[in-house]
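Protein chains: 2
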Amino acid sequence: MEFEFIKPAEIEKRSFEIITEELGERFFPPEIEPVIKRVIHTSADFDYADNLVFSEGAVQRAIAAIKNGAHIVTDTSMVQAGINKKTLAQFGGEVHCFIADAAVAAEAKQRGVTRSTVSMEYAAKLDVPLLFAIGNAPTALIELARLVEAGRLEPELIIGVPVGFVNVVESKELIMRSGAPYIVARGRKGGSNIAAAIVNALLYQMVHREGF
Amino acid sequence: MEFEFIKPAEIEKRSFEIITEELGERFFPPEIEPVIKRVIHTSADFDYADNLVFSEGAVQRAIAAIKNGAHIVTDTSMVQAGINKKTLAQFGGEVHCFIADAAVAAEAKQRGVTRSTVSMEYAAKLDVPLLFAIGNAPTALIELARLVEAGRLEPELIIGVPVGFVNVVESKELIMRSGAPYIVARGRKGGSNIAAAIVNALLYQMVHREGF
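So the sequence lines, in the order shown, correspond to chains A and B. First residue of the first sequence: 1, per this note's numbering; consecutive thereafter. First residue of the second sequence: 1, per this note's numbering; consecutive thereafter.
FYI, nobody ran anything at the bench for these hints, they're computed from the structure. The beta carbon of each residue, even a glycine, is placed where N, CA and C say it ideally should be. Hints should not be assumed to be uniformly reliable.
What the hints assert, rightly or not - Computed spacing ranges between beta-carbons, pair by pair:
no., chain 1, residue 1, chain 2, residue 2, range
1, B, Glu22, A, Val53, 40 to 46 Å
2, A, Val128, B, Arg111, 24 to 30 Å
3, A, Lys67, B, Ala105, 25 to 31 Å
4, A, Gln110, B, Gln110, 49 to 55 Å
To be verified - Derived pair list, reagent style BS3-like, types lysine-lysine, alpha-carbon separation capped at 30 Å:
no., chain 1, residue 1, chain 2, residue 2
5, B, Lys85, B, Lys13
6, A, Lys85, B, Lys85
7, A, Lys85, A, Lys13
8, B, Lys109, A, Lys86
9, A, Lys85, B, Lys86
10, A, Lys13, B, Lys109
11, B, Lys67, B, Lys85
12, A, Lys109, B, Lys85
13, B, Lys67, B, Lys125
14, A, Lys7, A, Lys86
15, B, Lys86, A, Lys86
16, B, Lys86, A, Lys109
17, B, Lys109, B, Lys86
What the hints assert, rightly or not - Covered by chain A, according to a simulated footprint, are these stretches of chain B (three or more residues, beta-carbon under 8 Å):
no., stretch
18, 31 to 44
19, 190 to 201
This is chain A alone, in the form it adopts within the complex (with noise of 0.2 Å):
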């Protein structure tokens, strides 16, 4: 068995150079790229080089935002675990999730809806500008659908690529269809390294971090 005696700081840049040979001669924008081979570097799956979907600036509005100290909402605790919470420190962000608060899912008992759904609630409530990034619950994209519609919310982005079969893929499309700007993963897959590795694309754009 031979294994390649490289540094590990150099296995991300090799990693992203084979992705890059292997989508051959396929064009993106260049704000989109980075974001599309993170995530195939995250599942080495490259279906999202054609899954993935961006409303039109979406990524330079998420990155201004962030800038500016918006904060981050995820829908799992592994999707919060996933985010590379120094960096977006640096520039004065947060991660909150509220799935595991005892008072979330009080109030999604009594209501009979879901805790992701009372967790999306709590999140708006917020008083900075925020950023979904929701790698699970689809009943949580609907809630944002939701508020969005209604007024109620003005996210800076909503990253929606929860992953399953059952109403997975029509929570997508009413994000699309939301008015609020999106990165989505159309179709079944996705997932909460998914969302975390969208969020991270984004961060190491910022910090110009080597190589991609």
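Chain A is already provided as a structure; the job is to place chain B on it using the hints.
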């Protein structure tokens, strides 16, 4: 846009029915089937029906170990976040992740190795039966194979599912030849979400969660 208004509790059951339907006539041994289905549920990626490989008796041994209070070691905080720790705690188990320890970082820097390598050495010193869930770091797998081959570690299971393009494929093959019981996602695919899903699939078999 039509949503199926079904209870959140039923969504998972329904999802597994869809997965079962789409897998068609494929046969899997009964203890392996729930693992494969939960990984597909987590990723919407049917490649895992082919990628996942199990050493003989791996699932049964892992379940017996958890039942006797084995602990779980992860390579990242995302895997740790994704594991159902409440269910694990019913059997006396805990999840350990040393990657963010200051002492690990200091030692890795001094020795010129990865933090993942050092964190596996720390884990090997724990005085309880251990399962390893590795979703990110090939160097964690390389170190585990080394410890096993040197007789310094006898894990109850190694879940080897890092994702990526450099050294990933090879590190998984190394685990499969180490002599340790394993569940491995052959090839490039995997991730923190996959590692957590495999642990949860074991746990849910133990508590007879409904439907799968």
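- Message: Please verify whether Lys109 of chain B and Lys86 of chain A have alpha carbons no more than 30 Å apart.
- Response: 19 Å, holds
- Item | 24 to 30 Å as the expected CB spacing between Arg111 of chain B and Val128 of chain A, which holds or is violated | 42 Å, violated
- Query: Are the Cα positions of Lys86 of chain B and Lys86 of chain A separated by 30 Å at most?
  - Reply: Holds, because 28 Å separates the two Cα atoms, which is no more than 30 Å.
- Query: Using the C-beta atoms of Gln110 of chain A and Gln110 of chain B, is the stated range 49 to 55 Å upheld?
  - Reply: Check passed, 54 Å falls within 49 to 55 Å.
- How about the stretch 190 to 201 of chain B: do at least three of its residues have a C-beta closer than 8 Å to a C-beta of chain A? It holds, with 5 qualifying residues against the three required.
- Restraint status (C-alpha distance of Lys85 of chain A to Lys85 of chain B at most 30 Å): Holds, because 23 Å separates the two Cα atoms, which is no more than 30 Å.
- Message: Can you confirm whether chain A covers the stretch 31 to 44 of chain B, using C-beta to C-beta distances below 8 Å and requiring at least three such residues?
- Response: holds (count 4)
- Lying within 25 to 31 Å: is that true of the beta-carbon distance Lys67 of chain A to Ala105 of chain B? 29 Å, holds
- Given pair status - Lys109 of chain B, Lys13 of chain A, alpha carbons within 30 Å: 20 Å, holds
- Query: CA of Lys85 of chain A to CA of Lys86 of chain B, is that 30 Å or under?
  - Reply: Roughly 26 Å between the alpha carbons, so the hint for Lys85 of chain A and Lys86 of chain B holds.
- Message: Given the hinted pair Lys86 of chain B and Lys109 of chain A, is their Cα-Cα distance within 30 Å?
- Response: Holds, because 19 Å separates the two Cα atoms, which is no more than 30 Å.
- Keeping to a limit of 30 Å between CA atoms, is the pair of Lys7 of chain A and Lys86 of chain A held or broken? 23 Å, holds
This entry does not satisfy hints 1, 2, 17, going by the numbered hints stated previously.
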